[in-house]
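These protein sequence lines are chains A and B, in that order. Quick note on numbering: full-length UniProt numbering labels position 215 of the first sequence as 215, and the sequence is numbered without any gaps. Quick note on numbering: full-length UniProt numbering labels position 139 of the second sequence as 139, and the sequence is numbered without any gaps.
Where hints are given, some of them may not hold.
You can't tell identical chains apart in this list, so a pair holds if it fits in one copy or across any two.
Under the rule of at most 30 Å between Cα atoms (straight-line distance), these lysine-lysine pairs were calculated in the DSS-like manner [what the hints assert, rightly or not]: (1) K254 / K155; (2) K119 / K234; (3) K234 / K155; (4) K254 / K280; (5) K254 / K243; (6) K234 / K18; (7) K155 / K280; (8) K254 / K207; (9) K243 / K18; (10) K234 / K41; (11) K61 / K207; (12) K280 / K41; (13) K18 / K270; (14) K123 / K145; (15) K145 / K254; (16) K254 / K234; (17) K145 / K234; (18) K119 / K3; (19) K280 / K123; (20) K3 / K280; (21) K207 / K145; (22) K254 / K3.
Keep in mind that the hints were calculated from the coordinates and are not lab data. Values in this document were obtained by computation on a predicted structure and should not be read as measured data.
Protein chains: 2
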Amino acid sequence: MLKVPEHQVAGHLAIDGKLGPLVDDSGRFYKPLQGDGRGNKELAFYESFSSDTRVPDHIRKYFPVCYGSQLLEASNGSGLLHHLVLQDIVSSYRNPSIMDVKIGSRTWYPEASDNYIQKCLEKDRRTTTVSLGFRIAGLQLYEGKESGYWRPGRKEVQSFTVYNVRSILRRFVSSNSSIGNENSDCSFAPSIYGGSAGILEQLLELKAWFEDQTIYHFHSCSLLILFDKESVSKGSAPVPAIKLIDFAHVVEGKGVIDHNFLGGLCSLIKFVSEVLSDSKESSIKDCVESEKPGICTDNGNCQ
Amino acid sequence: MLKVPEHQVAGHLAIDGKLGPLVDDSGRFYKPLQGDGRGNKELAFYESFSSDTRVPDHIRKYFPVCYGSQLLEASNGSGLLHHLVLQDIVSSYRNPSIMDVKIGSRTWYPEASDNYIQKCLEKDRRTTTVSLGFRIAGLQLYEGKESGYWRPGRKEVQSFTVYNVRSILRRFVSSNSSIGNENSDCSFAPSIYGGSAGILEQLLELKAWFEDQTIYHFHSCSLLILFDKESVSKGSAPVPAIKLIDFAHVVEGKGVIDHNFLGGLCSLIKFVSEVLSDSKESSIKDCVESEKPGICTDNGNCQ
């Protein structure tokens, strides 16, 4: 019944006899607890988070539901291993486009060892983490029935520059995405990034919580942006969503806000807002050029 | 006519034959251009900033006015030296209480040399820069006619912990400040941190600009919080103010927000908000205990 996730865009994959997460058909995601303590730290985070009454209900939807842990045959054939049992957040999507964005301008935490800090710092400087306050850690983009998914390899993802990130955030919501250049039309931006239930509003709701919460500091945590182009264009479920994942390096906030996460989140918000406002401007331009009244609806159509 | 500034709380002091800034009686502050290029970088920043029409007028008040540069006798007797001529922002205050807060969870910039980064990182980890997203770089607190100023030495300031910072932000606005413990009454908080023209509102206005501006990244820049307790209690000028200073490490934003500064600023805002809301709660408690109706005005008095 258990199988390798079809839509995992970052992290260890359960292929070629390696250890990685598994999914079932009932919408659950099984993540092996890594032996170096990280797995137990992530489990401890989920347990603490689930029972913490200080976390408002409207924020919980940005986290996968956790169903505890379970002993399962590991994907690498090493025998029984404890797995974290989580909600499989992509299971309701048919052809999900997914971006995994690691948030923060540093991925290390103050209490870490010098060696660990130097290793993270080196990678943070090599990627866009330091310059942008976030980096893309993986993505897949559904381009259509014929071309299928665009899924850049790990090396390509790790070499993304600021320019690439800006361009990918446009390409991600374009109907001519396979071109992958500055001529991306961003025609899906109003319905995916925009609107009262769109990605931007969700990011802003999360931001408001991070301006206030001093419970947790989320180091090296990822924010997933996911949606299904077809259901978006039909106006049907599932809707575009953001989810936080990977909590092996969460530490106590001790009364201080997570300024590292918040700064990176604000930087991502600025990028997404720009794609959205550019797309609105070009919609107005299109309306004017087509000699219709220059008023555009929220989903970018002329009225 | 030139003299050593009376109220400089951080940076190089023009005493004991050393090089440092000077002030005159007409409200100007003369900062020697350091020979290693930092002085010229700061002058270049002021020139660029002054003429940049993208900077809104309501943001300019948070920066000292710059009057160009001038050749002057250096304070260390080394002869004529170029000085940056700035507005002396404390000249209108009689007994200024001042806090110099270096904003950001890193003080180094991505383009810096490895050596420079390691040196800054080491200090950022040793102080509250990494944990809080800011550190106090200097302060003076006017305690009254008898006790004068509390002005901790450089070593003491550098050893401030998160606990110390929280306590100092309370002590800073207390009438019983010389006690310097958790019993600080925060009686000045509503009139200094609070109100429509108070420190918190100014910080929030600056924050809104940092969420949007992608022109400059302010590395290792300081935010001064300054006020005069007596004029605040009399409701007379000058009013509490924040000012940004020290721009030798400002670099171009290149279309990205300054997430490092913004994150630290939000962390400072959270600390200041907490002092303010604690002081309001205790005012309500006082009102209730004094059997007056439990309604408190913005300046913390019972109504």
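Here is how each hint holds up against the structure:
no.	hint	in the structure
1	K254 / K155	between (37 Å within a copy, 25 Å between copies)
2	K119 / K234	neither (46 Å within a copy, 55 Å between copies)
3	K234 / K155	neither (35 Å within a copy, 64 Å between copies)
4	K254 / K280	between (42 Å within a copy, 23 Å between copies)
5	K254 / K243	both (24 Å within a copy, 29 Å between copies)
6	K234 / K18	neither (39 Å within a copy, 72 Å between copies)
7	K155 / K280	neither (34 Å within a copy, 54 Å between copies)
8	K254 / K207	both (19 Å within a copy, 23 Å between copies)
9	K243 / K18	within (26 Å within a copy, 56 Å between copies)
10	K234 / K41	neither (41 Å within a copy, 54 Å between copies)
11	K61 / K207	both (14 Å within a copy, 27 Å between copies)
12	K280 / K41	neither (44 Å within a copy, 39 Å between copies)
13	K18 / K270	neither (38 Å within a copy, 45 Å between copies)
14	K123 / K145	neither (36 Å within a copy, 54 Å between copies)
15	K145 / K254	neither (49 Å within a copy, 38 Å between copies)
16	K254 / K234	neither (45 Å within a copy, 38 Å between copies)
17	K145 / K234	within (16 Å within a copy, 73 Å between copies)
18	K119 / K3	neither (33 Å within a copy, 49 Å between copies)
19	K280 / K123	neither (36 Å within a copy, 45 Å between copies)
20	K3 / K280	neither (42 Å within a copy, 57 Å between copies)
21	K207 / K145	neither (36 Å within a copy, 45 Å between copies)
22	K254 / K3	neither (40 Å within a copy, 45 Å between copies)
Violated hints, in rising order: 2, 3, 6, 7, 10, 12, 13, 14, 15, 16, 18, 19, 20, 21 and 22; the structure is consistent with all others.
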